[in-house]
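Student: What follows is each chain in one-letter form.
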Amino acid sequence: MFEGLDAIFLARLQFAFTVSFHFIFPSFSIGLASYLAVLEGLWLWTGRQVYLDLFKYWLKIFALAFGMGVVSGIVMSYQFGTNWSVFSDKAGPIVGPLMAYEVLTAFFLEAGFLGVMLFGMNRVGKGLHFAATLAVAVGTFFSAFWILSANSWMQTPAGYAINAGGQFVPADWWAIVFNPSFPYRLVHTVFGAYLTTALVVGAVGAWHLLRARPAEKGANEGARVMFSMAMGMITVVAPLQIFAGDQHGLNTLEHQPVKVMAMEGHFQSHPDGAPLVLFGWPDEAAGKNLFAVEIPKASSLILKHSWDAPLKGLDTVDRKDWPPVPVVFWSFRIMVGMGMLMLTLAAFSLLARMRKRLYDWPLLHRLALAMGPAGFVAVIAGWVTTEVGRQPYTVYGLLRTVDSASALDAPAVGASLLAFVVVYFFAFGAGTYYILKLMSHPPHFGEEGPRRDQPVRAAGITPAPAVAESLATGKEA
Amino acid sequence: MPFDLPMFFAFIIAFAILAYVVMDGFDLGVGILFPLLPVGRERDSAINSVAPVWDGNETWLVMGGGGLLAAFPLAYGMILSALYAPIIAMLLALVFRGVAFEFRWRDPRHRPLWDMAFTGGSIVAALAQGITLGALLQGIAVQNRSYAGGWFDWLTPFSLLVGISLVCGYALLGSTWLVMKSEGSLQERCHRLAFRLGIATIVAMAAVSAATPFLRDAYWMRWFAWPQVLFTAQVPLLVAIVTFVLFWSLRRGHHYTPFLMALALFGLGLAGLGVSIYPFVVPPSVSIWDAAAPHDSLRFMLPGVLIMVPIILAYTGYSYWVFRGKTGHEGYH
Chain A
492 MFEGLDAIFL
502 ARLQFAFTVS
512 FHFIFPSFSI
522 GLASYLAVLE
532 GLWLWTGRQV
542 YLDLFKYWLK
552 IFALAFGMGV
562 VSGIVMSYQF
572 GTNWSVFSDK
582 AGPIVGPLMA
592 YEVLTAFFLE
602 AGFLGVMLFG
612 MNRVGKGLHF
622 AATLAVAVGT
632 FFSAFWILSA
642 NSWMQTPAGY
652 AINAGGQFVP
662 ADWWAIVFNP
672 SFPYRLVHTV
682 FGAYLTTALV
692 VGAVGAWHLL
702 RARPAEKGAN
712 EGARVMFSMA
722 MGMITVVAPL
732 QIFAGDQHGL
742 NTLEHQPVKV
752 MAMEGHFQSH
762 PDGAPLVLFG
772 WPDEAAGKNL
782 FAVEIPKASS
792 LILKHSWDAP
802 LKGLDTVDRK
812 DWPPVPVVFW
822 SFRIMVGMGM
832 LMLTLAAFSL
842 LARMRKRLYD
852 WPLLHRLALA
862 MGPAGFVAVI
872 AGWVTTEVGR
882 QPYTVYGLLR
892 TVDSASALDA
902 PAVGASLLAF
912 VVVYFFAFGA
922 GTYYILKLMS
932 HPPHFGEEGP
942 RRDQPVRAAG
952 ITPAPAVAES
962 LATGKEA
Chain B
9 MPFDLPMFFA
19 FIIAFAILAY
29 VVMDGFDLGV
39 GILFPLLPVG
49 RERDSAINSV
59 APVWDGNETW
69 LVMGGGGLLA
79 AFPLAYGMIL
89 SALYAPIIAM
99 LLALVFRGVA
109 FEFRWRDPRH
119 RPLWDMAFTG
129 GSIVAALAQG
139 ITLGALLQGI
149 AVQNRSYAGG
159 WFDWLTPFSL
169 LVGISLVCGY
179 ALLGSTWLVM
189 KSEGSLQERC
199 HRLAFRLGIA
209 TIVAMAAVSA
219 ATPFLRDAYW
229 MRWFAWPQVL
239 FTAQVPLLVA
249 IVTFVLFWSL
259 RRGHHYTPFL
269 MALALFGLGL
279 AGLGVSIYPF
289 VVPPSVSIWD
299 AAAPHDSLRF
309 MLPGVLIMVP
319 IILAYTGYSY
329 WVFRGKTGHE
339 GYH
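Heads up: the protein sequence lines correspond to chains A and B, in order. Residues 492 to 968 (the working numbering) make up the first sequence, in order. Residues 9 to 341 (the working numbering) make up the second sequence, in order.
Treat the hints with caution; some may be incorrect.
[As the list claims (entries may be wrong)] Using C-beta positions, here's what the derived DEER-type ranges look like: (1) A:Ala652 x B:Phe252: 24 to 34 Å; (2) B:Ala241 x A:Gly618: 52 to 62 Å; (3) A:Arg539 x B:Val253: 16 to 26 Å; (4) A:Gln540 x B:Tyr328: 41 to 51 Å; (5) A:Gly616 x B:Arg260: 31 to 41 Å; (6) B:Ala219 x A:Ala910: 45 to 55 Å; (7) A:Gly616 x B:Gly158: 56 to 66 Å; (8) B:Gly158 x A:Gly618: 39 to 49 Å; (9) B:Val253 x A:Ala507: 44 to 54 Å; (10) A:Gly532 x B:Ala215: 55 to 65 Å.
[As the list claims (entries may be wrong)] A short list of chain B residues far from chain A (calculated; beta carbon distances all over 10 Å): (11) Asp123; (12) Gly147; (13) Pro165; (14) Ala219; (15) Trp231; (16) His263.
[Claimed, not checked] Some, not all, of what chain B presents toward chain A, calculated at C-beta under 10 Å: (17) Tyr84; (18) Leu88; (19) His118; (20) Trp122; (21) Arg224; (22) Tyr323.
Honestly, the hints are just simulated from the structure, not real lab data. Predicted model, so just to flag it, every value in this text is computed and none were measured. Using N, Cα and C, we set each Cβ at its ideal position, and we do this for glycine too.
So here's chain B without its partners, still in its complex pose:
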C-alpha cells in the first residue's frame, strides 16, 4: 500500500465521509425517530438537541463531494452521473429537512407539515445514501472515462438492503444521541428504542457483510485470502466486542457509552468498506490512482488540508462544547 498523495487524499475523503456519516447520521436519525416521539415537549427537545450543529454536520457532505471533485475528479463524475436518481433524491430530501428546522418554529399552524418534511426528508436522505453506497459496492459500468450503464442499474436487492441498513443505523445513532442529550420521558423512550434499533442494525450489518463477498470475487479474496484473513478478521471481531459493550451499557443505563459504541460501529463499518473496495474508488475498474487529480492539484490542496482540517476540528469541537450537556425542555410553552 504506497502512501503517496492520492492515498493521502483517499484517507482525507474517507475521513470526511466518516465524519459526515456519524455527525449528520445522528441528526438524520433524530429525524427518522421523530414520528415515534409524542408531539410537544419531547419532539421540541429532540430537535433542539441537533439544531445548533446540523449545519456544521452537513458541511462534511459538501467536503466529501467537493473533495472528491478536487482530488478524484474522474470518480466524482462517474459516480454521481451513474447514481443520478438516488443522488438527486438525497439532495431534495436534504432541502426539505434542512428548511424544516427553522420553518416548524415559524409557523405553528403548519408544524405537523414541517415535522413530516423533517422526517420524510431524513428517511429519504438516509435511504438514498445507503442505496448509493450499495450501488457503488456492486460496481459501476464504465467506458471511455464515463458511466456506461443504464438509469436503474443502482436499483437491486443489495442496494436496497444497504439503504435500509443505513436507515436503521442512523436511527440507532439518533436514539443513542438522545439518550445522551435528553432527560426524563424522552430519554426513557429513546433508551427502549436504542435496544431494538441496536438489534436491527446488527442484523442489517451482518446481512450486508454476508452478501458483500459474493458480489465480486475480488471482495471474497480480499476478506478471506490467507494470510490477510488474519487482518480482516479483526473487523468482525471488533464489531462483536462493540456490540457487546453497546448492549451492556444500555442495560446498565449509561448515558454516553451507547452513543460512543454506535459511533464505533459506524467506524468499523467504514473500515470494512475500505477493506472491500481498496484500491478502487469506482469498483470494479477505476483505482485511486486512475482517478486522482494531477500531482500539482493535490499538492496545491495539501497545505490547505493540513492546516485547515485541524482548525476546523478545533472549532467544531468548540461549538459542540458550547452547547454541551443535556438539552432542557423547560420554558418552551
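Looking at chain A on its own, in the form it has when it is part of the complex:
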C-alpha cells in the first residue's frame, strides 16, 4: 500500500509526526515544572494553603504529561538511527555529544527527582522536597538548552570541519554550542513553553470561574489564584515573546534568508521595498501568490527597518534549494496569528485587572478558555515553520535531506509510520482525555496529596486511589 510513495517523504512524515506529538508534552511540562516550583516556593514562603492545593492539583496533571513526554522522547532518541542513519553517521560527532549532555545533565536529573517530587513529600520533608521540585524544573530547562543547541546547529552550523569520511567534526565547541541561531531559538522556545503553560492554566482557571454558580462567585480561591497568575504571566511574556520572535526572525534573515523568503511569500525580489503579504495562496509552480492581500513595503520595514530597503526573493534561488513554500508561509501565519490573539488576551486581562474585574468578566473567561490550546498550536506551527523552512537540508546548506536517510524501503517506513499513528492516537489520546478529566474537577481546599499511611507510593506516580475512586463514583476526590 506504500509502494507508490517516496520512502524519504514517509520518513520525514514519520519524524514530523513523532516529534510534533512529542513536543506537545515538553512544551507544557517545561512551563508547568517551573509553575510547580513557584507554587511550592510560595507555599513555603507564605504558608498559604491555596498554594499547596494548587501545587497538588497541577502535580497530578504534570505526572501524566511528563510520563507521555518520556515515552515519546525515547522514540526520538532512536529515530535518528533507525530512519536517518546517514545523518547520524555524518552529524553524530557534533549533535551526538550535545544530546549526550542532555541525557547526562537533564534526563537523569528529571527522572531521578521526579519520584521524590511526586510522592516523597511525607518521606523527605519540605526542604528536600522543594529541592526535588527545583531539580525537576531546572532539569527541564537544561534539556531545552542542549536539544535546542543541537537543533540550532543543524539550522546554522558553525565551529565544524569536514573529515575524509564526510563526517562533520568539531573544531570549536563553543562556536558549536552557541551557534548563531541558538540564543534566539532558546529564548523564543522557552517563552513559548511558558505561554503554553500559562494559557492552559488560565483556561482551567477560567473554566472553573465560569462554572461557579453566581452565589459561589469568588468562592473558589484556587481557581482565582491560578487564573490571576496565568493572566499575569501572559501579560508579561506575550509582548516579550513577540519581541523575541521578531529578533529571531531578523537572525533567520541573516543566516537563512531563503527560509524568510518562504515565510514572507516573496517569490520576486523587491529592489525598492518588499510588501508584507498578509494572506494569499503561494503557487510554487507559477512562482507567485494567488489572491494575495498585501501591505506595500511593510515587509522591508519589519525586516530591514526601512520602507525602501531592497529584499531578495526566491527568484534569486535555485528551485532545488526552495523549501516547500506554502507550508512555511501558512504555518508562520498561524503562529503569528496565535501570538496576536495572546497579546489581545494579555491586554484584555490587564484591563480587567486594573478595573478589578478579573474574576467576574465572563467574556474574558470565555476568551481565556477558548485560548487554552493556542500555545500548543503556536508552538507546533512555529516548529513547522523553522523545520520545514530548513528544507531541503538536514544540516542547513551542507547536508541534503535526501542524502541523510537510511536505505529503507517505502513499505517498511510506511508500516512503522502507520503503527506510530495508531499507537500515539490511542495512547496519547487516552492520556489527554485523563488530563482533561482531572482538569474538569476544580481545585479545592485541602487538595488530596500522597497518603501518609503508606510506606511507598500508594498508586502510580500520583495519589491516584482518591482520584480513581472519584472517577468511579463521579464525585470529587
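We have chain A already, so just place chain B on it with the hints.
Tutor: Quick look at chain B alone, frame taken from chain A:
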C-alpha cells in the same frame, strides 16, 4: 587491549546497557509476570514497587542510544537501521507500558485494558531487545558505511532464542525483585515463580552460550583458543557459582540474595557478550575504533561523563533509598 578514549566510551556504553538491562529488566519483569498475579492487591503492590523508579530506569536506555550516537555514530546508524523492525516494535511497546503505569489508576473501568498494555508492552519490549542482541551477535551486513542487508535478516532461530531467553531473564529479575520488595501471598507466589524462572533462565543462557561460538569462527577462537580459555573459562565457572547461590538462597527463603544473584547472572551474561564481540561494535567488520567519533567529540564528552555519571549514580541511589523497604499494600481500598 589499548585503553584509549574509544575503549573508555565502549565501557561507558556497556555500563549504560548493563544498568538499563538490570534496572529496566526488573520492572519489565514485573510487567511480564503481571498476568500470573491475581487482580487486586497483589497486582497493585507489584506495580507500586516499580512505579517510583521505572522512569529513571528507562533513562539508561536513552543514555545507551544517545551515547552510541555520540561516541559511535557509525555503529548507531548501522545497528538501528539494520534492526528497524525490532527497534520500532520495542519503542512502541515501551510507549504502551509506560503510559499504563499512570493510566491504570486513572481509569478503573478500563484497568484490565491498561494491565494488558502493561504486560503486552513489557513482553514485546523484552523480546525485541533480545532479538536485537541476537541479531547483533549474528553479525550485520555492511557496505559503504551503511547497512547492506534485507529487512528480515534479524529474524533467525538464534535471534528468537535470545529474545525468549531475555524474556525469561527479565521475568527472573522481576520475580526476585518482588521477593525482595513484597510480603505475604505476593512474596510466596514470586518465590515459587523465581524457582521455575531460575531454571528457565539457566537453560536459556546455556543454550545461547552453546550456540554463540558456532555463529562465527572468531567467536569460537575467542572462547576456546589457548591460553585465553583460562580467562574465558572463568565466566561459565562464575555462572555456575552464582546459579548455585541463587537456588540455595531461594531454598533458604532469603529476601535479598536471589535478586542480587539474578543481577550477577546478567552481569556475567554481559561479560560473556563482551568476550564474544570485542573488538567489534558491529560484528563482523566494524570495530570500536572504526566506529568511534573523532577524538575531539569524545574529549568534549569526557568531563561530562566523569563528573555527571557519579552524580547520577548518587542521586539514583538516593531515590531508591527514599523508597526502600517492603512495598505495603494496606489502605488501597
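Student: Hints first: check each against the structure and report whether it holds.
Tutor: Each hint, compared with the structure:
| no. | hint | in the structure |
| --- | --- | --- |
| 1 | A:Ala652 x B:Phe252: 24 to 34 Å | 56 Å, violated |
| 2 | B:Ala241 x A:Gly618: 52 to 62 Å | 54 Å, holds |
| 3 | A:Arg539 x B:Val253: 16 to 26 Å | 56 Å, violated |
| 4 | A:Gln540 x B:Tyr328: 41 to 51 Å | 32 Å, violated |
| 5 | A:Gly616 x B:Arg260: 31 to 41 Å | 38 Å, holds |
| 6 | B:Ala219 x A:Ala910: 45 to 55 Å | 31 Å, violated |
| 7 | A:Gly616 x B:Gly158: 56 to 66 Å | 58 Å, holds |
| 8 | B:Gly158 x A:Gly618: 39 to 49 Å | 58 Å, violated |
| 9 | B:Val253 x A:Ala507: 44 to 54 Å | 52 Å, holds |
| 10 | A:Gly532 x B:Ala215: 55 to 65 Å | 57 Å, holds |
| 11 | Asp123 | 13 Å, holds |
| 12 | Gly147 | 17 Å, holds |
| 13 | Pro165 | 22 Å, holds |
| 14 | Ala219 | 27 Å, holds |
| 15 | Trp231 | 30 Å, holds |
| 16 | His263 | 16 Å, holds |
| 17 | Tyr84 | 5 Å, holds |
| 18 | Leu88 | 3 Å, holds |
| 19 | His118 | 8 Å, holds |
| 20 | Trp122 | 9 Å, holds |
| 21 | Arg224 | 24 Å, violated |
| 22 | Tyr323 | 5 Å, holds |
Consistency with the previously given hints fails for numbers 1, 3, 4, 6, 8, 21, ordered from lowest to highest.
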